[in-house]
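J.: Residues per chain, in single letters:
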Amino acid sequence: MRSILSYIRHMARPEWVKTFFLAKTAPLSTPPHFREFPHLTGKECTHCFQCMMICPAPGAIEVIRTDKPGEWKPVIHLGHCIRCGLCVEICPELVLDAGRVHMKNAQDGTYMQFQFHITINPVTCMGCGSCTVACPVNKEIDPQLAAKGTSTSDEVIMRVYKGINTVFHEDKCTGCKTCEEQCPTRSILVARVLEPLQISEET
Amino acid sequence: MTTLQSLKNAVRQRSIHVCYVDTGSCNGCDIEVLACLSPRYDLEQYGIYVHNNPREADVLLIIGGVTPQWEDKLRMVWDKIPEPKVAVSIGNCPISGCVFSRPQTLTRAPAKSYIPIAAEVPGCPPRPTEIIQAILSVAPLIFKDWELRR
Numbered sequence: 001m002r003s004i005l006s007y008i009r010h011m012a013r014p015e016w017v018k019t020f021f022l023a024k025t026a027p028l029s030t031p032p033h034f035r036e037f038p039h040l041t042g043k044e045c046t047h048c049f050q051c052m053m054i055c056p057a058p059g060a061i062e063v064i065r066t067d068k069p070g071e072w073k074p075v076i077h078l079g080h081c082i083r084c085g086l087c088v089e090i091c092p093e094l095v096l097d098a099g100r101v102h103m104k105n106a107q108d109g110t111y112m113q114f115q116f117h118i119t120i121n122p123v124t125c126m127g128c129g130s131c132t133v134a135c136p137v138n139k140e141i142d143p144q145l146a147a148k149g150t151s152t153s154d155e156v157i158m159r160v161y162k163g164i165n166t167v168f169h170e171d172k173c174t175g176c177k178t179c180e181e182q183c184p185t186r187s188i189l190v191a192r193v194l195e196p197l198q199i200s201e202e203t
Numbered sequence: 001m002t003t004l005q006s007l008k009n010a011v012r013q014r015s016i017h018v019c020y021v022d023t024g025s026c027n028g029c030d031i032e033v034l035a036c037l038s039p040r041y042d043l044e045q046y047g048i049y050v051h052n053n054p055r056e057a058d059v060l061l062i063i064g065g066v067t068p069q070w071e072d073k074l075r076m077v078w079d080k081i082p083e084p085k086v087a088v089s090i091g092n093c094p095i096s097g098c099v100f101s102r103p104q105t106l107t108r109a110p111a112k113s114y115i116p117i118a119a120e121v122p123g124c125p126p127r128p129t130e131i132i133q134a135i136l137s138v139a140p141l142i143f144k145d146w147e148l149r150r
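Quick note, the sequences are listed as chains A and B, same order.
Each residue of the first sequence is one higher than the one before, counting from 1 in UniProt numbering.
Each residue of the second sequence is one higher than the one before, counting from 1 in UniProt numbering.
Treat the hints as calculated values from the structure; they're not laboratory data.
Since no wrong hints were added, every one of them can be taken at face value.
Heads up, simulated DSS-like pairs for lysine-lysine below, C-alpha to C-alpha not over 25 Å straight-line:
hint	chain 1	residue 1	chain 2	residue 2
1	B	K112	B	K85
2	A	K104	A	K43
3	B	K8	B	K144
4	B	K144	A	K18
5	A	K18	B	K8
6	B	K112	B	K144
These numbers were taken from a predicted model, which means no experiment stands behind them.
Isolated chain A, as found in the complex:
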């Protein structure tokens, strides 16, 4: 009998009635270590387009000119952004921020770096050289290659050498994937290699 009474007394309390009829837990907030949609920190954007290059989601980030002359800023498109935070980590000017990414990177001394890796399938490649002629970096390095289709320069990214399409300078690739689009047999692939690195203690 006493226990039943204590139950009734317990349930008659206003806070019990409130929690019973209304939501029991408070509106849950996002923990600060979660990566939110990137937001601008107000630092100056140098429009190096690193964030656009690294973004894995199509159309999620755009670096656009603002109304002010000479000022650029990245714009995040919701509905495309997957909140991976790679644009935040790669940006050399710390223009973007999401959660605790910068704080954590400074604490651990980590940073991101990416380069492009070109693979040519020797079986399907017929050595037509469409990719080497189309490549915008090749055109800059050796205008002769773009004009005539033949070159003797070894400074280009890739060139048909002795009948075989050869990659000379992978490090110069900007990852525009023009060569992939131009290839009639789809035998060239540009892959992005992303490296998380740590600042060593000696340097």
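Dock chain B against chain A, hints included.
T.: Just chain B now, with coordinates in the frame of chain A:
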């Protein structure tokens, strides 16, 4: 407003019936919806109940970039829901196709070209809190004073 109407509004506020449809997702958003049901987020404390039958539902949750097989069927599911009804799309896929919107992939996003969508929750995947918030914010707009507005 009559007493009956205000009573209906009060009851409906605590009784939102949700049906979800997966139109070709990667399962990431499905897991987040499942997390809404878990004790941590506990969907039912807000008066949101999940059904698998569109005829019992008020709110349709759409997950996934629409695949070709769903092009006509999404409309069929939507038509089965009794009035008043509302559709909420979860995740990036129904908005843009997200990572699937590339050449040579079979997605027919956005979902709003097939049925009217009241709210879109961006994110890949969106967090359970964001999903619950979207449902709670969109439901009163549709269900409150439904009889008077009709």
